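A.B. asks: Now for the letters of each chain:
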Amino acid sequence: MLSKSQARTFFLVGTLLFSLLFLFLTVDSVRQVPAQTRAKNITPAVARGKHLWDANNCMGCHTLLGEGAYYAPELTKVYERRGAAWMDVFLKDPQAMFPGQRKMVKYKFSDQDRQDLIAFFKWIGEMDLNGFPPRPSRDLNAGLPAQVTPPAPPSTRADAPAPRPTTQPSSQAAARVAAAPAMPVKFQQLCVACHMLGGKGGRVGPALDGVGKKYNVASLRKWLEDPQGVKPGTAMPKLPFTAQELDQMVAFLLAQK
Amino acid sequence: MKFKSQKVAYWFFAACMLLLTLQLTYGFIMAFAHMGLDGLHDYIPFNAARATHTNLLVVWLLTGFMGATHFIIPEEADRELYSVPLAYLQLVSLLVVGVVAIIGFHFNWWEGRKFLEIPRPLDYLVVVNVLLFIYNIGMTVWNGKRFTTTGIVLFMGLFSAALLYLPGMIYFTNQTFDSYFRWWVVHLWVEGVWELIMGAILAYLLIKLTGVDREVIEKWLYVIVGLTFLSGILGTGHHYYYIGTPRYWLWIGGLFSALEPLAFLGMALFAVAMYRRSGRQHPNKISLYWTVGCAIMAFVGAGFLGFAHTLPQVNLYTHGTLVTAMHGHLAFWGAYAMIVLAIITYSMPLMTGRKLWNNMPGLLAFWTSNIGMVGMTGAFAVAGIAQVYLERKLGLDFMVVQKEIEVHFFGLTLAATLFSVGITLFIYNFIKHGLPRDEMVGDQSLDADWVEPHQKESVAAAPAPEKSTPKTGKKAKA
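Sequence order for the protein chains is A and B.
Heads up: the first sequence runs through residues 1 to 257, numbered per the working numbering.
Heads up: the second sequence runs through residues 258 to 735, numbered per the working numbering.
Since the hints were derived computationally from the structure, they do not count as laboratory data.
Hints are supplied without guarantee of correctness; some may be wrong.
Claimed, not checked - Derived Cβ-Cβ restraints for the label pairs, each shown as a range: (1) A/Gly100 <-> B/Val356: 33 to 41 Å; (2) B/Leu512 <-> A/Lys77: 24 to 32 Å; (3) B/Val571 <-> A/Asp28: 20 to 28 Å; (4) B/Val571 <-> A/Gly233: 41 to 49 Å; (5) B/Leu294 <-> A/Gly205: 22 to 30 Å.
All figures in this text were calculated on a predicted structure; none of them were measured in a lab.
Just so you know, even glycine gets a beta-carbon here, dropped at the ideal spot from N, CA and C.
All chains, full assembly: derive it from the sequences and hints.
C.D. replies: Structure follows, in structure tokens:
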């Protein structure tokens, strides 16, 4: 049977051996991580965003790279999922975007802060994470445009023709979309978070199928410009559209008959 | 109690009870928020409640380990503590740092890294504080009349824990490095050096409670802590699957994590075997409950449930879901909370001279808190598994899934209430013990074996409570 001194030797040798092995693997990991995490893309803005992430203990509710708390959404792929425009509006007033739902603290982020955070999330989303987060084996939201279309850079977005969703919705939905004016980029970025169209989207506001039958140009425009003026106390936020975007949006909504 | 300075432990344990109470309060705040009852959001947002809940856990466990050390080390080294005023200074400063940090959390002041939320400037105070503690204990061990394996393993555990706090203080801009070295603190504490501390306390208690030969117990202590490091060090790899680190961590982490339950299994088998071999009838049965219970629950919570979600193929889906909370709760409870409660139930009668062992509140405290915690684990498990399927497998939106699983947090709250009843009874017993008394110094009578009532005239000990009489037949004969 094992003697006490043999047991001690087992403990000491084992610990030493595996500590050395761990240190060796750490050295190798430290060498490989910069390439795997695209560390060359860590701009000063990303670094400032990372600092904001820590300084406000975002990990106390969210997970990032799957690490943190389980109260608020996983944010590793949030840039791909929501896009810069949506995130910018959301970070200004989180509760306005999800009225009556689980609350996020309204931080006093400056315009610069929000851009830094978005840059940070963009960088995080580009990492090679060995397959995390996993693709759902049966994605019930497949075809939801906001989830699959990477947004174009903001500077070119307003002028560029709206990109079509890259995944194909059901054939009927595709036919309907083809007949209508192209879906505005802002619609994919903002509206579907709360509204459904063709069975895809959020459940906060009413579905927008057939909205063009109920309203005309003037009423839709007034509603988008000043929701509180039309219906005081509504959960609909006033979204930051340019005049051109507003025209596109109204035209698109009118076509939903 | 052999030495006067062992009394210091009482104040560490009293602080534990206070911090534990506060920890439970914040747990309830979070459970209610998960149910949609977030009325405190403007004053205590979820991230503040969460940071407070986990940091209080770490601080009360560390305070408990320190209290245990102040009780055990004088006896193992066979001398008074090096400096009693230093021990008090260290306790008070630890509490001050802890309280300042927790107040800071409520004003958005923190380092903002999971488990290491204590603001960076306070980190330095923590280091000074722990150095004070290590110095005081180190000098006691160094000048001791004897060196025991239990004492040395305990000291090594504490020393390495202090050393491993340092990698967590470095700032990295790259989130992956930030995480990589954060786990050096968190993982190598709870699945590494804290197990040395736990193993040493367990060995001490088993030596005292079962009367099995010290050489036998300490030999197995080496085997168990050897297994811990053999699996636990490279087991850190299970945190390196999906954070931007090389792919080889998937199989290294997977392999060694699969071995991690071995150390806990060894501990459970060892505790039960020692209990069976027990040649003693130690009167403090409730402490034996907590000691053996600790080893078993550590295996279930840390070993088995940990294994259940560290396989890389499983972890791909469970990583970052409530499944982690399920494992975390039972693991910390079994491995670390219960060992602290075990040493408290063992040492309190010796320090105060009051034999509140085997009484109804004590037994109820043990059973209700354990059943409550198992219930909580079950609620987290159901919520977590539902979340994995709905969100990760079917691709439903996070918030939609959270609405669906709200009901399980009601179940969690019910189980947590039961758990809290148990903890309240434990604290009630703790308070009933009163303060430590100087007359108890050198009094060995409370440590004597329990004897049949008809033999008791030969022993100075007071009669044991009726309820603990094991065989009524013999009593009738007497």
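A.B. asks: Is 24 to 32 Å right for how far apart the beta carbons of B/Leu512 and A/Lys77 are?
C.D. replies: At 29 Å between Cβs, range holds.
A.B. asks: Starting from the hint 20 to 28 Å, judge whether the C-beta atoms of B/Val571 and A/Asp28 obey it.
C.D. replies: Distance hint for B/Val571, A/Asp28 holds at roughly 26 Å.
A.B. asks: How does the Cβ-Cβ distance of A/Gly100 and B/Val356 compare with 33 to 41 Å: does it lie in that range?
C.D. replies: holds, 36 Å
A.B. asks: For the hint 41 to 49 Å, verify it against the beta carbon of B/Val571 and that of A/Gly233.
C.D. replies: holds, 47 Å
A.B. asks: Range hint 22 to 30 Å: satisfied by the CB atoms of B/Leu294 and A/Gly205?
C.D. replies: For A/Gly205 against B/Leu294, whose Cβ atoms are near 24 Å apart, the range 22 to 30 Å holds.
In summary, the structure agrees with every hint in the numbered list given earlier.
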